[in-house]
Each structure stands twice: as structure tokens, then as C-alpha cells.
Amino acid sequence: MTALVGLLVVVPMLAAAVGFVAGERQWVRDILTVGSLAGATAIAGILLAHVESEGTVVLRVGDWDPELGIVLVVDLMAALVLLVAMATILVVQLFAIGQRRTAWGADPQLSGPLLLVLTSGVVLAFLTGDLFTLFVAFELILVSSYVLLTHQGRRGQIRSGMTYVAMNLFASTLFLVGLAIVYASTGTVNLALLAERIPELDDPLRWGIGLWFLVVFGTKAAIFPLFSWLPDSYPTAPTTITAVFAGLLTKVGVYVLIRFHVLTGMDDLGPLILTLAGLTMVIGVAGALAQDDVKRILSFHIISQIGYMLMGLGLFTLAGIAGAIVFLVHHIPVKTVLFLVGGLIEEREGTSALDKIGGLAQRQPLLAVLFALPALSLAGIPPFSGFVAKLALVDAGIEKVVVPIVVIALANSVLTLVSMVKIWTGVFWGSGDDESATPIRILRPGHRLMVGATAVALIASLAIAASFGPLWDLGERAAADLLDSRAYIEAVVS
Amino acid sequence: MSHLVGVVAVLSLPNPRPAFVVALAAPLVSAAWAASKLSGGEVDTARLDWVEGLDLAFSFRVGPLGALLAVLVSGIGVLIFVYGHGYFGGGDRRGFAATLLAFSGSMLGLVWADDVWTLFLFWEATSVTSFLLVGTKSTDSTAVTAARRALLVTVAGGLVLLAGLLVLVDVAGTATLSEMGPVTGDQATVAAVLVLVGAFTKSAQLPFHVWLPGAMAAPTPVSAYLHSATMVKAGIVLIGVMHPVLGAVDIWSGLGVTVGLLTMFWGAIGALRHADAKLVLAWGTVSQLGLMTAMMSLGSGKAIFAAVSLVVAHAVFKAALFMAVGEIDIRTGSRDLRSLSGLRASMPVAFWVMVFAGLSMAGVPPLLGFPAKEAAIEASLNESGASGDLILAGVTIGSVLTVAYTTRLVLALFSDKGGEPTEVAPFRWAAAAPSVLLSVLGVVGYVLAPSVTDWVVPAAATLETKSAGYALLRWPGLDSTAFWISMGIVAGGAIIGAAAARHSSPPETVGANNVDRLVDRTLDLAKWITGRVQHGSLPIYLVVMALAASLAVIPFLGSIDADQLHAWDRPLQAGMGTTVVAAAIAVAVIRSRIGAALALGVVGLGVSALFLIQGAPDLALTQLLVETVIVVGFVIGLGGLTTQFPANGFVWRSVRIGTAVLAGAAVTAALLASAENTPSNREALVAVAVDEGGGNNLVNVILTDLRALDTLGEVVVLVVAAMGVLALSRADTARGGGAPLSDDVRKGRR
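First to last, the sequence lines map onto chains A and B. Here our numbering is used: the first residue of the first sequence is 1, the next is one more, and so on. Here our numbering is used: the first residue of the second sequence is 1, the next is one more, and so on.
One thing to keep in mind: the hints can contain errors.
Below, in silico cross-link-like pairs of lysine to aspartate or glutamate (EDC-like), each with a Cα-Cα straight-line distance of 16 angstroms or less [claimed, not checked]:
hint, chain 1, residue 1, chain 2, residue 2
1, A, 400, A, 268
2, A, 422, A, 355
3, A, 422, A, 268
4, A, 400, B, 170
5, B, 527, A, 292
6, B, 417, B, 336
7, A, 422, B, 524
8, B, 527, A, 293
9, A, 422, B, 520
10, B, 137, B, 92
11, A, 422, B, 516
Derived Cβ-Cβ restraints for the label pairs, each shown as a range [claimed, not checked]:
hint, chain 1, residue 1, chain 2, residue 2, range
12, A, 204, B, 582, 44 to 54 angstroms
13, A, 466, B, 660, 17 to 27 angstroms
14, B, 563, A, 200, 15 to 25 angstroms
15, A, 18, B, 90, 58 to 68 angstroms
16, B, 632, A, 459, 12 to 22 angstroms
17, A, 10, B, 634, 31 to 41 angstroms
18, B, 524, A, 1, 48 to 58 angstroms
Don't read these hints as lab results, they were simulated from the structure. Nothing here was measured: the structure is a model prediction, and the numbers come from that model. Cβ coordinates follow ideal geometry from the N, Cα and C atoms, glycine included.
Pulled out of the complex, with its shape left as it was, chain B reads as follows (with noise of 0.2 angstroms):
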């Protein structure tokens, strides 16, 4: 709620410049509050009612694992807005800080629903304030592109996410987290694993990673704050707040696992590949979501509390080494491993960020990454069977990775390549001093561990109770076997990571160009498929709604009864009705313009003798009149268009000829099967007519009395054709004669 007035607030503020300081506010606010319950074991709830026939609410629900997100998602939220405060330096952000800041209040509803709507609600406006600030640089082609396929990617997840939330509601019979139970089924199988799709788009797993490191075109603090510290983390969130429900069905941990580590081991292959540090950075987050990714869905009290405090770990450490990139990129003006020189000297306080940063990132003591990393392997130890060997091969290998281009990262960015060392700008306070703050935590969380341990069980255990003999050892002892795994990783990586650091390889972006490409394909296929539907010719338009209509007509086939048909009731009957009959092929058959319009007269005339000869006189005076004003108003009308149609090639005219014989068969048809069945009103009209219509034409009757609204609506019709004449004719000559728009309508009659 905070959030919303400190949105308001600084679009509402008059000057520009303070527009950061006044957004920190409110995390400031949540972050403190936050931190007030992380203690305390009490609940707190919140509920909204919004449509009560379809179970949609606002939830929320702030245990203690609410309480250690929301700090991690406004303690670092309060850091960036000092960061970003100190990164643009001057000009008017505060369209960006508001947005930065509904992100932070969206964040936070998401950790804290306790609905599965409010979490939608609030996962898809991550998406989209995510969407905006990727674009913030919205001259650039590049950053545009990369907004567009994050939220491409994101919001499909979202959707996918929502199709199963909707089975999973289904299985579980309530809304509502907290009151779920466990669910196994088909049903849920389906929506387990719609619902890691979902979580894996969110993510950035495989095959969904795609958008991340795209999404580094967006301004340092964003890339700080969404794409590292917080919003890609809502799907490790999502994985954990599903496992006391989907947790049991069998797909959920074997899939969350593979694609996990997949995700690990392909993310760090990408970090040690790409030459710009932001992109290393990037990809590294890939990598470390995977990890989570497969610690969040193993499921074992271990895993769970190893994913817990790696997501809290890697919050610290990612944000500290994005600000540092970035406070090197504004600096430098570059964030290239390769042409950046002498930093080491020129910036010695982002040096040290990285360092610390970077050591916890590659889970070396004495910083708090060591021990999460640790947990993360002794749960893999715990796992037994072949699939256990398979876990922990994956998670050694990922982590040696990980060491691996971090070491690389370190070594390559503050190398001197020879030559002039890189030119810097002076020193920003604001840039630097959130990053150093937080590499200073890295230590501290880990001197302070067991205090975090008090944080990060009680969170777990919210999520798998078995969690809650786990602690974060500072030392777990030399007869620990991960710890040696451990120590192997570190000099395994490093001595790569040193290797790596003097061969940089050109860098490539592999995949990411398969969304834009699948969005080109979908816009080219929808453009065909728009051309052969809406190609613009009207006869062809209205063969298609024929075609309908005949179509329409198949049913009444079968209710034809074929006995109570008769020719006719009169042999006059038939005479005029083939002159009918023959005058409509004349109409169809005549080239000339003026010919047609008279045999269309004929046909009007036939119809009104048939009308005579049925006894209505008085409806078949009113044909007759009718069809003089047309035949009148064509021959005046056509006065200004060739005097014969243009011809048509055979198959066209075939085309035509076929569908106007089906259409007059199809009425035929109808007419002739539901005529039979007459429980006619007209004994009940006639009584009527006379007795309170006062009149003995029952025509007259219902057109001035019993439907004399339909007669007023029809006069009105008229009056308003006839103004819309007048208008048309007048444009017409205000702009200049006729010739042109003639020329219009005649291609339009076409």
C-alpha cells in the first residue's frame, strides 16, 4: 500500500531531481516493517474480497518466509534507488522511479499472496513494469526488441501459469495457498506441470532463458533489481510455494531438477563465453536459477532450506555485482572484459565489491554464499540411487563452472591489458556505496550466520517442515565430505577460470534470436492468412455469406414432406410464376446496364400479379409502386456509368451462376419445410382488426396500430437514407464535381 502513495507521489512531484530520494521511501517503509516480523513467529493476514462468484480475491498472508523476501525485495529496493539516484546523476527520471517503484509494491504482493489470483495478478504486473523498464531507453532499437521478447516470454509463461492454476483450483477446491492440501491425479499432474512451465518462464530455465540476457539492455539498476536480485526469482518462489501442494506428484521434483541443472551447466557455459561483463553477470544469474530451480523442486528438507538461503545469498551478492558493473559502465563508458585496463588501480572500491562479491558467488569462505553453496551439496549427498549420483555430478559440475567465470569475470575486468589504462570519471558516492554495503553483508551474513540461520529455517520450514533442523554452518569440519567436494570445486574452477581469463572469445548470443525470429514468422503468417481472408473483394464477400446461408439451410431438408406439395393452387399461378422465374434469369443474363434494370421490373410486376392472384390487393398496389420508383430511379442513376457490365471470365461467372442457384434453392428449401406447420394468429388478427382496430384492412390495421412502431421506425429509415443522399451529393460537388467519386463507385460496384 505504501507502495501506491509513493507512486503518486513522485509522479505528482513538481521538481525532478529529488524524484529517487522520495521513492526509497516507501520501501524504506516495507523493509522495516518486514524486518520487525522476521522474529517474531506471528501471521499476518489481509483479505479483499473482489468477485465473490468466481473466487477471486486479494489475499495476503505475511509469514516468515513473507517477511524474508519482502526484505531481501525493499532492503535492496532501498539500495537501488540510492544506486540509481547516484547512476543517471541528473535529468528527469521520474516517470522510471515510479515505475521501478509499482515493480517493488508488485514484488512484494507476489511474495506475500496468499491467493492464487492475487499471485497471478501480481506475477503478470511484474511482467509488465518489467516490460517498461527493459524499454526505458525506447530510442533504441535493440532495448525495444528485448523488452517486447521479455515480456513475450513472460506473459505466454504467465498464461501458461494461469491454465494451470485453473486445474489446480479445480483439484484442490479452494483458491486460497494456506488452505491447499496436498493433490496427486492426473488433474494435477497436468497442472503441475503447467504451472513449472509457468515457473520456468519467470525464471529464465530452459528453454525459456532466452529473454534474460536481453533484458540487459535496461538501465543498471533494473537489471540490479528485476533480472538478478528479485523478479527472476519469482518462479524459485512460485516452485516453493507450490511443493506442499504439487510437491507430491511425481513429475514435479524429476522435471524441476533436469531442467534446473540443465539450466546451471548451459547458463555458465554462456557466462564464460560473452566478453561484455553485464552479459557474464546475466548469464550467471541463469545458471544460479537453475541451481535454485533444481534445490526448489528436489523437495527434501535440505533442499528446500539450501534453495531458501541460496535465493537470499545470491540476492546480496548478484546486486552488489551489477552495481559495480554498471558503476564501471557509467565510469568508463565501456563493460568490456577485453578493452578495459587498469582498473584495478583507477577503481579500487568496485574492485573490492567484485572481489567480495565475486568469492561469494563462487561459495568461498568466509562470505555467506559458502555456506547456502554448502547445503545445496549436502543435499545433492543426501539423494541417494543413481539420480542422486546424477544430482550431485551436475551440481559439482555447475559450481566448478560458476567458480570458473567468476574468477574469469574478476581477473579479466581488472586486468592491465598494456597500453593506456581506461580513462575514469570521477567518483559517485551514490553509485558506489549501495555495492560496497552489500559485499560488506556477504561477510557479515556470513560471520552472523547462525542469526541468518534463525531468518532462513523458519521460511523453510513454511514451505517443507523438515527443513527445520537445518542450519547455515560457518564450518562444517574437515570430516565433512561436502566440504571437500567443495574446496575441489574452487580449485577446479579457479584454474580454469584463469585459463578462460586470457582467452576471451568473440562474443555471440546463441537462441535469443528465436523468439524475435518466431515473432517475424507470426506476424508473416498472420498477414498471409489476413490476405486470404480479408482480401477486400465484396462479390467475393458475398458468395462467402451465400455460402452460409445455403449451408444454413441443410437441416430443413429433412423436414420437407414432400405429399402436402402441390404446383399450384391456380394455373395463373404458374404463368406468372414462370415469367417470374424467366425475367430473373433475363436479369442475370442481359450485359446491357438499362436492359437488366427493366427485366428487374418485370420481376416486380410478376410479383405483384402474384400477389393479386393470392387476394391482396392492396400489398400488391404497393409492389407495383415500389418497382416503378426503382425502375425509375435506375434509369436515372445509371445515367452516369457505362451502359453495359463488364464481362467476366468463365470460372467467375460460373462461381457467381452457382452461388446464386444454390442461394435461391436454399430458400426454397426453407420456405418449403416450414410451411406445412401454420398455427396462424390470422383468425385472432382479424377479430381484432375490426373490433378495436376499427378498420377492415387488415393491413392497414397492423401497419398503423398494432406494429405502428415498426411503421415509425421505417419512416424514420427513410428520412434518414434521404438525408444521407443529400450529404453525399453534396460532398460531391463541394469537392470539386463528380468525375473522380463516380469513378469510386463504379469500382466499388464492381
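Here chain A stands alone, though its shape is the one from the complex (with noise of 0.2 angstroms):
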């Protein structure tokens, strides 16, 4: 098991530096990144079954000490991540193939090798035991992004970019300080060792580490009011970029602020964290209402989700943490399927902005399906898997008795849903703009291949909530083994 726990981490990347090598032979990079995706897929498929049977599967890298090496974990929680995190872009990736080298698609020399490379970031991101290997992660995450962002060179990209890169620039150095704080104050980087000794420090120097953290890994996740890099640079991007990094990047963010947040016990931040949950939902929300195009809508769309997860973390207990574990399952897919029908409309319709675009409900009705679906889900209506999500969070809420977090969650259910009604109503009503003229496109072959990989993430979103039940008590168990950092600890040090 552990020698497949290194393929997963080297492989895209080998796959990728053959990629940047091969020219103008394009075949060689499909088979490449399909091939290493795929593979990386099942890999995951098969530790998320071991991990569920036989327990947490522990990488020494070197097979050094826990105390000097590195070593790279996977428990529950990041198996579970990994596997829907792997199949997303394996889709986007197929998306892309049939996309490729439109004016919405990206340079497909760069972009499936760019895309393995985050792959790895992804992949090293979830695993890694160890906060400084999570830095090398974030870097590898965020200069492949950023150049993904940015290889078309259009004018509005480079700007975005540039908020983008230097924001999440500044985030790394504060990434750095922390590394350093935390090696003083604890004389180690491994996160098994840091959920022994994190604890035990003072108070003071206690919270400090983690709002210290919390301020890092919230400008990754883009909570409130570290966002302001999402919804600027996303939109710009080509179609599969931005489908890709909705769906994960921003949940790295999530996922580390999880695992390290309650590894290190710091259920004091809790208050603080409710409040800026509420706060990330409404802004990001209210963001969405005040868009006119379809993808500015979804974009901001991700940061009120993300106020979700934080809830669930923000309330420490096991109903709140397994919340958070299962939406951000739930919203990796969903999220990606909506980014996608968004590139779907831009290939058909030639723009994404509401006012240009109408009656597609009457002439796409396929389409129409694969936007409405995933729509209900993220605003959480029964019985798609954003309900399911969405109740798991209020129920933990109501339990734990917090109910300004509770109205809030709900309320802003309500304000998703009018933005989904505002595109829906722009996008698949009224009669479009006649007057502008869209030229009526010829479909390439490709087109089928992107509406086919659109449509079976949507079937895997759906799957997932008629699995709901299996997934809940696995996010359950996830969050029980976090919750009590004993499990962890014993498995990455003994």
C-alpha cells in the first residue's frame, strides 16, 4: 500500500515532465495525463477501501524518522478527499480534450502537464504529514495555477493574476513565519508530533499558532475578508482551469484548515470561526446577487459555500466536523459540473453574460438538465446531495445550540437559490439578446466528449448523494479520528 501512496505523489509529475517534453505530439500528452489521472483515480479508489478496512496507511519518505523525515498520511479523511478530488479532474482533463484549442480553451501543450503538476500539489497537499512539505504543496499549487491563469496572456488574465499570484504570494510568506513559529516553539514540523505538542503549549502562544494559521490557510481557502483573489482571477481563466480550480483549490485550503485545526485541539477559536463562517457566506453570497455573468455568479458562489465548511469546523464537535467533510465531498463535483455547463454555454453561445444569452431552456434542453441539477444541489434542495450536506451542518447547529450560525446557513440558502434563479431566468429564458446575433456555431466532434464529461461528473454528484448514506458514516468516522488526535499520532509515530 505505501509504495502506491509514492506513486501517486511521483507519478504526475513524471507524467508531466514528459509532457513538457513532447512537442507537438499530441497524442502522447492525452494518453499521459489521461493515463496518470485514471490511474491516480483508481490508486485512490483502492486506499479509501484499505484505509476503511485495515486503518490509516503511513509513507516514511526514505523511510526516515517521523521526528526528521517526511512521511505522508493517508487516513479517512484524506482518502476520501483524494478519491473525489482525482476523479474530478480526470473529467475536467477529458473536458479538455474535447475543448481543446478554442478561443475558451487553454493551450493544450501547457495545460494538461500545468494540470498534472497541480495534480501532484493536490495529491502531496492531502497526504503530507508534515507542514513544511504542505508549503512545498501550496508552491507547487500555486505556481501552477498561476501560470495556468495566465499562459494565454489576455489582458484581463495578466491582471487578475497578478492579484492572484501576489496575494497568495504574501499568504506563503506568513506560511513561512508560521513554519518558523512553529519550529520554535514545538522543535518539529511533523503534524503527528504537532498534535502532541501544540496542545500543551501556553495559551496564548497556543491561539497565536492558530489564528497565525488560520489567517494562511484562510487566504488558500478564500474565507472572509482574505478572498478577494477568487472572484477577480477565476473568471478570466479558460473553462477547465477555472472548473478545476473551483472544485479543489480553494478546498485544499479547507481541508488543511480542517486537519490542522483540529489535530491541534483548537476548539477555542471556535466563536471566531462561526462568525467569519457567517460572514464568508453572506459576503460571497451577496457577491453572487450583485453578478451578471454566469461564471462571476458561480465564483462567488464558492466562497458562501466555503462559509458552510467553515461552520462545520467552526463548531468543533463530530457532527459539525463530519458536516464539513461531506459538503466539501459533495461540493467538489457539483461545483465543477456548474463550472463546466458555464464553459458549455460559452462555447454555444460565444459569451457567459446574462444579458447576451436567453431561450436556452427550448433550444439546449440537455444542457438545461445538467445546469438545473447541480443548481438545486448547491442551494440545497432535497434531494440532491447539497441537502443532505446542508442539513447534516444546521442539525449539527441546532445540536450544539448556536443559532445565529443556523438562521444564517439557512437564510442564505434562499439568497443561492434567487442568483441560481437569476441565471437560470437569463440563461434558459426570455429570448436572448437578437440584436447582438450569435453567429449559430458549428459543433466540432469535440463538443460531444464535453458534454459527455459534464454529464457523467453530474451522475458521480448524483451518485454520491444516493450514497449518502455509506459517505456519512464514513465522514463520521473521518471526523472521529481527527476529533481524537490519538489515532493519528500512534499511527505516524509508532
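Dock chain to chain to rebuild the complex, using the hints, since each chain is given by itself in its own frame.
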């Protein structure tokens, strides 16, 4: 099993390296990207099954003692999120192959390999049991995503890329300082040892560390007031890139936020995190309401939804953490589908501005369905996955009697729905703007692959809804493992 | 289940023509099945666990009430599909028929649910399908606005209901309806209010009624089915289903009856004001729903019995009335009471349907509406005390107005206005037959009142056992007070109605725009907030981040141990430190870009000197190299930019200086606080480095062996960064010269 863990990190990197030098031979790159992503998905599946029955898998890189070297840890939470993430990237890559060489597609020579570098960064971030390696993982993700964002060299991309990279580099700097603080006060950067030592520190020092990393990871996760890089940069990128970003990047931030703060027992920060969660939800959805463009609306939704995951974390109860984890799992495919549909709309209509499109429900009923189902899911309407995830969180909130956040979470659902209705009435109803006279596009064969990939992602999301019973059990177990850090410590150290 | 198959079947039809015919098969099956359950007392249950950990399940229980409501939902559903076939005449209506069918299935799920979550699921499903159906004419902005309004009110109410159900499940200890016992207490009161508000939104009670008249923008089959006969009853059903659980809560009946009676009154006023026949019916529905809400939440045996009877009678006559108005609409192109003329002669079928169904609505024998209304009046008579008098007064006034608007509608619609009679399109069987059948059913229901009683009583008894002893009376007898009140109502109402029929005031909508205005306000507020938060200025974003980080440091201040601090280990450190600080200040102060870059180089050199003093020559060397490369890079990169930094205003400059100083102080404080406790693993590292790593240089061993993975990662980072630079420079030249792009970069930098 440990060999598989190693492969998961290294294979995407190697495939990326070959992809960079493959030159004009596009088929080599396609085989490499799809092959390695499919492989990663399969490995993630095997790991999940293994971890579920046998317990946490630990790989000591170079076989060094955890005091000195790096460990990769696959516990239940990691395996669960990993599987969803890998499958999502795979689907997006298929979509990208279909979309190749359009104005909205990314440069295929670069984007495939870069996506793989991004993948290895994401894998590393999920699996690492070491705070410094997490920093490296963030760097991998940041640099590959920045290049993906800007490599087409469009004006808006460069401009928003600047916001993106400047804020994230600043966060990286803060991360480095945080590493210094942690190492100086505990003598280690190993997460398991930190889980042991941080709770023993004096309260002020412990709170300081918790807050500092809340800022660092919070920037990555795009929580209020640190989210500003997201809505500026995401809508400008090519669809496939945005779809991966939307599904995954901020979620890596949330993931490590949950992992670090729960393992190191930062319960005292709960009220603060809940406050930030409420603000993130409201400000995010307000942003979505204010926009008039499909991609921009969807981008702001990401922020709003991050608020829900943060809410689960802020409760610091079993139900809350489990709710946050299943919300994460539900959110990744749903958000990705929505962005892919946004891409399909853009592909067909030549724009994603609401006032320039209309009447798509008549002309493209399939597209309407592909949009409607995940949109309802996002707004928390039953029987979709978003409803159960939201119910779990609200239930956890009621259990702990935190009324304000429960009220905000419910009211926020209505606002989410308003913005979804805005897209629906703007894009799928109405008659469209005839004066702009968008040319009827001749669809290339790749179009079928794009729609197919979107549909597969949607089906995956529906499957998550249908199998929410087992998923919830897994989420609860994963949360229990995190809350009781002894299991994690034992698995790594002994 | 048969409905799901039906939806798929309709959508996959190759030929759009028979969409409605295929669609009606599903409700036909379920209506027949439910009818067979009407007399047999057997209870059917089905359960499918969904998320056991959260107690989520699909659970159904079909008892007498479920069967009765299912007969209404599916039976009227069948007629609606027939009617729809006639109403639309032609065109591709597969999507419409499928959505209508999906609604029908959701409604069945709602009335059969035996689990609060199942109930909620279908509750929301009816809201969503209703949205799609109201917006059928999706190019018409009125319809779209109305659809949005209906969805928002009902879904917002749905979420209030969700909150109520969560609280309720917490108190009751189970999510299964049939296992819930009566609950009381503070938490139960909260749940009761939330559940009632949810019910009010769906059943269009004050002040949430505003969405229902607007929903008349839907095609008439939808209005007849969803917005009069079935969906709007969901709230009433919910109140009924919750009666055994929450009925004992003090506020339950008081709130329900008050809101119900006020709605009954206000709805009737609305029906008297409007000149559009469909809107009259819609406001009439609001009013009738008010009466049902009042009866259902009143909660006595007789009242619940009356409520269930009213649900049945109302579904039958209101669907007939809508269908008739819809038929007039499609055959004349108008629904205006003031302009339609001579219809009595030209549309006799519609006329008689309206008369019979209208009499039933007014509560006149020999129609089913009469015994139902009688039951309601008797239930009010049974209430004692001042509140009882108020309820009786409310029901009586509401009923008088009901008779009035019914009379006005029929008289005005079919009167001769003088001049040419309105032109009428040819008769369509499919559009007329269902309404005829329903109006005849009103009579049959009266004649067979004992049989109807046999269906209604067990259904009502599942909600309130005391309902078991009552019956629908064809002829209550001359010594019945209720009968005389009833006759008074009819007489009074007829006079008012006849008078009102001559004076048609211009139509105006009251309150309907409030929801839209609320939505617009929300959107404006959202724009305002977003403008404040997402202003697009990178420097301000960074200031916010730096402030957040500085705030995070506050706890550290508490754990700095002042005794441990000393200024330097060696005097050289002080000198180098001062140099670094001075150079850093210079970076900020110098206006020339190249000068700032050089000052930055000095900072780097100073730091590497500090490393050297500390005894880390390797590190110092690396730092030196990096700094050199950076300075060289700056010098090359600055070529395309102006030589000076742009000037800043005093305030903004102060903010930036302040933030920088604060951030610096924060980092210093954080490091000071953490520096004291250092159980370092250096000893272990040194031992391992030599023995196992095979190198005397600890840093090298860490980089290449202990933390080789990190090194690999950073190498990849560098490669990717290089690729990015390459790609950008290519994109730059490919787009015909770098000038505009550099402009852009300059703006971005600012």
C-alpha cells in the first residue's frame, strides 16, 4: 500500500515532465494525462477501500524517523477527499481534450502537463503529514495554477493573475513565518508530533499559532476577508482551468484548515471561526447576487459555500466536522459541473453574460438539465447532495444550539437560490438578445466529449447523493479520527 | 413510482402529439389504486433508508387520508391532462407534460409521506416544479417574474419549515410522523410557529399570499391543478398532519385561525375587486384556503372534519371553474369581465359549468359545497366564549363575501354588455369535458353525501379521533342554527354580488410587488456590499491581509518573556541589523525604482552577513546568490517601466507605512514569543546526518536526503515558473508587440 502512496505523488510529476518535452505530439500528452489521472483515481479508490477496512496508511519517505523526515499519511479523510478530487480532475481533463483549441480552451501543450503538476501538488497537500511539505505543496499548486491562469496572455488574465499571485505569495510568506514560529516553539513540523505538542503549549502561544494559520489557510480557502483574489481571477481563466480551480483549490485550503485546527485542538477559536463562517456565507452570496455573468456568479458562490464548511469546523463537534467533510465531498463535483456547464454555454453562445443569452431551455434542453440539477443541489434543495450536506451542518448547529449561524445558513440558501434563478431566467428562459446576433456555432466532434464529461460529473454527483448513507458514516469516522488525535499520532509515530 | 416511469416515457416520446395521453396513464393508475384503498381500512407502508446516520429516509404510509388526497390529486390530474390536450391544441408539449407529471408525483409523495424529511423533500419538489410550470411562457417577463416570486416565497417558507422540522425532530425524538406523540414546551412552541409559517407560505396565507395571484401567469391547466386544486393545499395538509403532534401547543390554533380568517376576508375582498376572471378565481382560492387553514388549525373534531370536507369540495369545484375560465380564454382570447359579452348563448357548456361549480363554491344545496360549508359553520358554533363568537363572525363575513364574488363573477362574465357579442372560436371536446364532469361530480357528491362521508370521516379521524362521529348532511333540518346562518349568508352575498356585478372597478394589484421590491432591494444591497468588499484594488487587499495577520499576533504578546530577551550575542549582529533596517526603510522611501531595487539588494546582503555571523556559511552563500540574481533580474525587468514609482497621497501613504510597520512588529512579536521554548531536534539531526546521511554538512543532508521530497517539489516549482515566463513572453509577442500588455502590467503593479 505504501508504494501506491508514493506513486500517487510521483507519477503525475513524471508524466508532466514527459508532457513538457513531448512537443507537437499531442496524443502522447493525452495518453499521459488521462492515463496518469485515471491511474491516480484508481489508486485513490484502492486506498480508500484499504484505509476503510485496515486503517491509516503511513509512508515514511526515505524511511526516516518522523522526527526527522517526511511522512505521507492516508487516513480516512485524506482518502475520501483524494478520490473525489482525482476523479474530478480526470473528468475535467476529458472535457479539456474535447474543448481543445477554441478561444475558450487552454493551450493544450502547456495545460495538460501543468494540470498534472497541479494534481501532484493537490495530492501532496492532502497526504502530507508534515507542515513544511504542505508549504511545498502549496507552492506547487500556486505556481502551476498561476501559469495556467495567465499563459494565454490575455489582458484580463494578466491583471487578475497579479491579484491572485500577489495575495497568495503574501500568504506563502506568512506560512513561512508560521513555520518558523511553530518550529521554534515545538521543535518539529511533523503534524502528528504537533498534534501532541501544540495542545501542551501555553494558551496565548497556542491561540497565536491557531490564528496565524487561520490567516494562512484562510487565504488559500478564500474566507472572509481574505477571499479577494478569487472572484477577480477565476472568471477570466479558460473554462477547464476554472472548473478545476473552483472544484479543488479553495477546498485544499479548507481541508488543511480542518486538518490542522482539529488535530491541534483549536476548539477555543470556534466562536471566531463561526463568525467568519457567517460573514463568508453572506458576503459570498451577496457577491453572487451582484453579478451579471454566469462564471462570475458561480465564482462568488464558491466563497459562500466555503462558509458552510467553515461552519462545520467552527462547531468543533463530531457532527460539525463530519458535516464539513461531507460538504467538501459533495461540493467538489457539483461546483465542477456548474463551471463546465458555464463553459458549454460560453462555447455555444460566445459569451457568459446573462443579458446576452436567453431561451437556452428551448434550444438546449440537455444543457438546461445539466445546469438545473447541480444548481438545485448547490442551493440545498432535496433530494440532491447539497440538501443532505446542508442538513447535516444545520443539524449539528442546532445540536450545539448556535442559533445565529443556523439562521444565517438557512437564509443563505434562499439567497443562493435567488442567484441561481437569476442564471436560469437569464440564460435558459427569455428570448435572448437578438441584436447581438450571436453566430450559430458549428459544433466540432469534441463537443460530444465535453457534454459527456459534464454528464459523467453530474452522474457522479447524483451518485454521491444516492449513497450518502455510507458517505456520512465515513465522514463521521473520519471526523472522529481527527477529533481524537491519538489515532493519527499513533499511526504516524509508532 | 409509476409517475417517474411516466416522466421518462413522456420525455422519450418520439412524436410530441400524444404527450398528454401518455402522461395521463400514470395518474390514472395511481388514482385507481388509491380509490381501491378508500373503503378498505388497510394501511400500506413503504420505507427506504437513505442516510441512516442522519435519520433520513423515504418513508410512506397510505392510510385513509393519504388515499383520499391521492384520489383528488391523481383524479384531477387525469382530467387536467385531458384538458391540457384540448387547451393547447397542438405543438410540442412534451417538456410541459413531463413537468406536470413530475409535479403530480411529487404531490403524491407529499401526501403519502410518513417521515418529515420525505415530506420536506416533496414539499420542495412541488415548489420547483411549480416554478417551471408558472414560467412556461418563458419569454414573457411577467410570467418569469411571477415564477420567481412564487419560488422565492415558497422556498423561503420551505426553509422556515425545515428549521421547524429540525426543532420538532429534536423534541419528538423521531422523524417518523406516525411515531410522534404530542409535544409541548418552549421548543415545541418554536417548532409550531416555524411549521405554521411554512404552511402559510405554501397555502398563500397573509402576508405570504402575494405569490398566488401572480402565478396565474401560468397556462390554465397549471393554475387549475397546482394553484387551486392541489399544491396550495399542501400547507393545509401539513397543518392537519401536524395537528396530532403540535395541536396541543398553545399558540397553534390561535395563530392558525387568526391568519386563516384574515386571509379569508382579504382574499374575498381581492376577488371582488378584480376584473380578470382568472384573478377573481385566484383571489377566491386565497380566501377559501384561509377558511380551510382556520378550520384545520382550530383543531376540534368537527373543525378538522369540516376542513377535510372543504378540501375535497374545493378541489372539485375550483378545478371546474378554472377549466371553464380557461376554455373561455382560449376561445375568445379574453378573460375580462367588463368586455366579454353574450357568452351565455355562445358558450352554454361553460355557462352551466360555472353556475354549478359556482353554486357549490357559494355553499348552496344541492351541491357538495353546501354540506362542507355547513360543517364549517357548525364547527364555529361549537366554539364557546368570545373567541368562539369572533370565529363565527369571521366565517360568516367571509362566507357572505364568497357568495358575493361568486355571484358577481358569474353574472358579470355571462351578462350581455350591449353591442356585438364576443366572437367565439370552435368548441373543443377535450377542453370542456373535464369541467363538465367535475361540475356534475358536485351534484353527485351531494346526492351521495353518505358515501362521501364514509371517505372523509376516516381520513379526518386519522388526524383527530373526535372527528369520527360526524357526517355530511344533505338536509340539516329547519331547527339547525347553522342552516339559517347559511341561508342568510347566501341571501346577503347574492345581493352584494349582484350589486357589485354592475360596478366593475379597474383592476389593481396590491402587495404583489412587495416581494419583487424586496428582491430588488436585496440585489441593490448585494451590489453595494460587493462594491465595498471586492473593489479590485490589490494594495488594499494586501493591507487587509496584513492587518488580519497582525491581529492574529495579539495572543503572542501575552507570552513574550522579557527576561529572556537580550539585544545581541555579538556586537557585529547589531551593526548588520542596523544596516538591514536602514536599507529596508530606504527601499520604502526611495522614489527611483532602480534605487529601491539596489536598496533591496543591500537588505539581502545584510541578511546573508547575519547568517555568516551566526555560523551558517552555506546558507549565507545561497542567500548571496539569490540576492544577486534578484537584483540583476530587477535591473533587466525595470527596463520597460518608468524610472520613478508613482506618487501617493498622504493618507494612502500613511496607511501603507502604518501597515508595514504593524506587520513587521507582528512578525517580530510572534517570533519573540515562540523563541523561548525550543526543544530542538538538532542533536538527533546531527547524529543521523553523519551516520546515516553520510555527510558532515547538515543542511545538505536535509535538502538531499531527509527532505528530498520537498526539494523535488521546489525544483518542479522552478521549472513550472520558467515555463510560465516562457509562455507569457510568447503570448506577448504573438499578440503583436508588448506595448499594450506592459501597460497593463504597469497598472497591475500599481
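If you test the structure against every hint from before, which numbers come out violated? 3, 12, 13, 16
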